[in-house]
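Same order as they appear, the protein sequences are chains A and B. Per the numbering used here, residue 963 is the first one in the first sequence, and the count goes up by one each step. Per the numbering used here, residue 100 is the first one in the second sequence, and the count goes up by one each step.
For the record, the hints were derived by calculation from the structure and aren't laboratory data. Cβ coordinates follow ideal geometry from the N, Cα and C atoms, glycine included. Hints are all accurate, no fakes.
Label pairs and their in silico Cβ distance ranges:
no., chain 1, residue 1, chain 2, residue 2, range
1, A, 1001, B, 172, 24 to 30 Å
2, B, 108, A, 973, 30 to 36 Å
3, B, 108, A, 971, 24 to 30 Å
4, A, 985, B, 140, 17 to 23 Å
5, B, 117, A, 1020, 39 to 45 Å
6, B, 102, A, 971, 24 to 30 Å
7, A, 1029, B, 179, 46 to 52 Å
8, A, 1020, B, 101, 18 to 24 Å
9, B, 215, A, 991, 40 to 46 Å
10, B, 167, A, 971, 38 to 44 Å
11, B, 151, A, 1042, 41 to 47 Å
12, A, 1036, B, 163, 40 to 46 Å
13, B, 184, A, 973, 30 to 36 Å
14, A, 970, B, 173, 36 to 42 Å
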Amino acid sequence: DAKTTQPPSMDCAEGRAANLPCNHSTISGNEYVYWYRQIHSQGPQYIIHGLKNNETNEMASLIITEDRKSSTLILPHATLRDTAVYYCIVRVAKTWSGNTGKLIFGQGTTLQVKP
Amino acid sequence: GAGVSQSPSNKVTEKGKDVELRCDPISGHTALYWYRQRLGQGLEFLIYFQGNSAPDKSGLPSDRFSAERTGESVSTLTIQRTQQEDSAVYLCASSLGGRNRGLSSPLHFGNGTRLTVT
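Please work from the sequences and hints to get the whole structure.
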């Protein structure tokens, strides 16, 4: 699986947009970009994922560059409850024998939303 | 609907004892994963089940660790002769995805079992 690079930490003012970057320069054409977050003492929470096109749901937007080597997760109006560790992960789009499509977690970005 | 359920939520055991952790996946989810997260660390993949296929055990750290799953339902992770370095949160996840199918279905995690070995 391709590896990702994220800044270790970021701050964001409450009510402002939080833009979390991720580099995945070795991503393959058949790999999705997934974003999860983990709030203290809880299991990781799925946020969003995409393959080539930008995606939006009720939680966030995902912007993937045309060359797919990087992406940005956008939380449009951050709240204090968005303080968490955010993980950017690449995952194969289809399995074959020997590949489970498991998620490989890095260290993520610790986002601190401040009042 | 109900999410992934794990029990117990906390477990304290003495070094050398065996422990069994349980995971109830979301109904209808064919894939099930176990992860371990040590304090202040990221998630480590342990094992993956998909239907009746042979599990992917590539992440199990030693032969003291084993897991079973009956069909597409409950899974148990067993740690024999626990050591202090086994102290961690053990997380279970399930998804609709499977072998030879598109993996656009995300994993959904439980809140884990916090294991403390004294």
